[in-house]
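These are the residues of each chain, in order.
There are 2 protein chains.
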Amino acid sequence: MGILVLGTVALDTVKTPFGKKDFMLGGSAVHFSIASTLFTEVSLVAVVGEDFPAKHIEFLLDKGIDLTSLIHCPGKSFKWQGEYSGDLNCALTLNTELGVLSSFNPSVAAKQRDIQYIFLANVDPDVQARLLSHMRRPRLIGLDSMNFWIKHKRPSLVRLLKKVDIFVANDQEARDLSGEINLVKAAKKLSRMGPRMVLIKKGEHGVLFYSKAFTITLPAYPTEKVIDPTGAGDTFAGAFMGYLAKSGKLDIATIKKSLAYGTVAASFNIEDFGTAKTSCLTLADLNKRLKELKKIVTF
Amino acid sequence: MGILVLGTVALDTVKTPFGKKDFMLGGSAVHFSIASTLFTEVSLVAVVGEDFPAKHIEFLLDKGIDLTSLIHCPGKSFKWQGEYSGDLNCALTLNTELGVLSSFNPSVAAKQRDIQYIFLANVDPDVQARLLSHMRRPRLIGLDSMNFWIKHKRPSLVRLLKKVDIFVANDQEARDLSGEINLVKAAKKLSRMGPRMVLIKKGEHGVLFYSKAFTITLPAYPTEKVIDPTGAGDTFAGAFMGYLAKSGKLDIATIKKSLAYGTVAASFNIEDFGTAKTSCLTLADLNKRLKELKKIVTF
Chain A
1 MGILVLGTVA LDTVKTPFGK KDFMLGGSAV HFSIASTLFT EVSLVAVVGE DFPAKHIEFL
61 LDKGIDLTSL IHCPGKSFKW QGEYSGDLNC ALTLNTELGV LSSFNPSVAA KQRDIQYIFL
121 ANVDPDVQAR LLSHMRRPRL IGLDSMNFWI KHKRPSLVRL LKKVDIFVAN DQEARDLSGE
181 INLVKAAKKL SRMGPRMVLI KKGEHGVLFY SKAFTITLPA YPTEKVIDPT GAGDTFAGAF
241 MGYLAKSGKL DIATIKKSLA YGTVAASFNI EDFGTAKTSC LTLADLNKRL KELKKIVTF
Chain B
1 MGILVLGTVA LDTVKTPFGK KDFMLGGSAV HFSIASTLFT EVSLVAVVGE DFPAKHIEFL
61 LDKGIDLTSL IHCPGKSFKW QGEYSGDLNC ALTLNTELGV LSSFNPSVAA KQRDIQYIFL
121 ANVDPDVQAR LLSHMRRPRL IGLDSMNFWI KHKRPSLVRL LKKVDIFVAN DQEARDLSGE
181 INLVKAAKKL SRMGPRMVLI KKGEHGVLFY SKAFTITLPA YPTEKVIDPT GAGDTFAGAF
241 MGYLAKSGKL DIATIKKSLA YGTVAASFNI EDFGTAKTSC LTLADLNKRL KELKKIVTF
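Protein chains in written order, with our numbering: chain A, 1 to 299; chain B, 1 to 299.
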């Protein structure tokens, strides 16, 4: 089927109790694409600056990701610097340099405008809406956001919610946007705001999926190896949407399996810095851990 | 097989966003027994004061719970007053009147000393150890505690840990006692302190079970009906241990099913104040929801 993802391509500097890495390949669209490409063809829509290392571009091309709509702009690439401490569940942003992202106007190559599976990873909701206006035959649209936009661009985000099929949020974002503390209530309320499906990611506590037809909840894959959780949510979304695009279905069995793939993909992501682990991941690796997860939760 | 539980029998006053109830039947041994008695014969070891309402005693007897070792002492019954706000995940203790609990010396009727399944619900670890010294043929010993004892009676608790098979804790207690933030690491470390099995209850996020042979994780039953979570952990433990006692086995399939029973029993407990919901619960109710949970997590 193929999937198109809009998001960020970034250079991440991350400090955790296990060390510090500078200017790693990162960004929502990157983490999403790496996971998604295990299931389907991925077209990436993003922007990078003049300083963006050629090796990262080569890596993404090697992965088979279509970079036709990755714009190279004069200026600096988007850079994020963050730190995790304690339970590594929450990132403290130390610095953000938007660079070329601040004036990003996404353009989609003509041949990509008919792609039916679309994921709007975390960028400005107005940019997400602009991307969507280019697409001719959307069949399934996923949307992610973050607290910054919930706070500063709420009307744009609420407008966009009406146009998408799946809203993906972490627990705090779901609570902030819905005003509900109980996550089942939050999911229901978010669904009433537009999307027929809501996916709430709870980090180490797994995931809650809501649609009118069914509610699904899965625990995270239990692991003690948590090195760097950056991009885990995007990796989850990438595997989840990738499997949906590959299968072309939305029944309960398919949704469950896509959530399970998201869960195990994210569990690999956190095991090393940046994309170190996911960059060499195969579908066989995912399937092996999927089997383990199945054994863990089936009673 | 039968199970013996040591714990508190209390009069609980609870305030939540949904109302306030005064002097309800409560306490760790009560919540545990009500759930456990759906699976096996339960003998309760606890103390109450002169003011303890006869109707509560009648209710427990009606449930078939053996109260031979429930001591009636001169003085006031143990009373707890708490309040929940926000996400109802954390109780704020407003007042505790220990009453007869402060000098509680458990005694076990001769005929009960051969019971092989034992659960030491949350009381002073020295009292828990004293109870254990009465038991002649323990086969499976479960232990619960709380932050107060972790802080104020750590050496006693650590000594007791070496004598039990299953340690049951909530996530915060597991972290406090182990010094580990990652819950898989915490469970492993707690297991190295004595118990061959560790069960970490994560409230709305489900449960993590660890033994050397296997790790299991289950999400909570997704519900938006959370009225009063008091006793949910003890209800979980009651159904969990009750099913283990009934089955007499400890293989992975049995442990999984016992965790699932604990999960659904707890999900009923939180749906109303005190024991309002669990007091009229049947095994058929549990089995029905068990089937739903199975459908939710199986992929």
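These are computed hints drawn from the structure, not numbers from a lab.
Treat the hints with care, since some could be wrong.
[Claimed, not checked] Within a straight-line C-alpha distance of at most 27 angstroms, the following computed DSSO-like cross-link-like pairs (lysine-lysine) qualify: (1) Lys-277(A) x Lys-185(B); (2) Lys-246(B) x Lys-256(A); (3) Lys-188(B) x Lys-294(A); (4) Lys-257(A) x Lys-163(A); (5) Lys-294(A) x Lys-189(B); (6) Lys-288(B) x Lys-212(A); (7) Lys-256(B) x Lys-189(B); (8) Lys-294(A) x Lys-294(B); (9) Lys-249(A) x Lys-189(B); (10) Lys-189(B) x Lys-257(A); (11) Lys-288(B) x Lys-256(A); (12) Lys-63(B) x Lys-294(A).
Since we're looking at a predicted model, the values are computed, not measured.
A quick look at each hint next to the structure:
1. Between Lys-277(A) and Lys-185(B), the direct Cα distance comes to roughly 21 angstroms. Compliance with the 27 angstroms bound is thereby established for this hinted pair.
2. Of the pairs offered as hints, the one joining Lys-246(B) and Lys-256(A) is violated, with about 32 angstroms between alpha carbons and a cut-off of 27 angstroms exceeded.
3. Taking the CA atoms of Lys-188(B) and Lys-294(A), the gap is about 22 angstroms. The hint holds against a cut of 27 angstroms.
4. Only pairs whose Cα atoms come within 27 angstroms are accepted, and Lys-257(A) paired with Lys-163(A) is accepted, the gap being roughly 25 angstroms.
5. Between Lys-294(A) and Lys-189(B) the CA atoms are separated by roughly 25 angstroms; this keeps the pair inside 27 angstroms, and the hint holds.
6. For a cut-off of 27 angstroms, the pair hint linking Lys-288(B) to Lys-212(A) stands: about 21 angstroms separates their Cα positions.
7. For the proposed pair Lys-256(B) and Lys-189(B), the alpha carbon gap of about 22 angstroms is at most 27 angstroms, so the pair holds.
8. Only pairs whose Cα atoms come within 27 angstroms are accepted, and Lys-294(A) paired with Lys-294(B) is accepted, the gap being roughly 12 angstroms.
9. The hinted pair formed by Lys-249(A) and Lys-189(B) fails the criterion: a straight-line CA distance of about 43 angstroms is larger than 27 angstroms.
10. In summary, the hint linking Lys-189(B) to Lys-257(A) is not supported, as the alpha carbons are separated by about 33 angstroms, beyond the 27 angstroms threshold.
11. Straight-line distance between C-alpha atoms of Lys-288(B) and Lys-256(A) comes to about 21 angstroms, which keeps the hinted pair within the 27 angstroms bound.
12. Distance check on the hinted pair: Lys-63(B) and Lys-294(A) sit about 37 angstroms apart at the alpha-carbon level, beyond 27 angstroms; violated.
Checked against the numbered hints given earlier, the structure breaks hints 2, 9, 10, 12 and satisfies all the rest.
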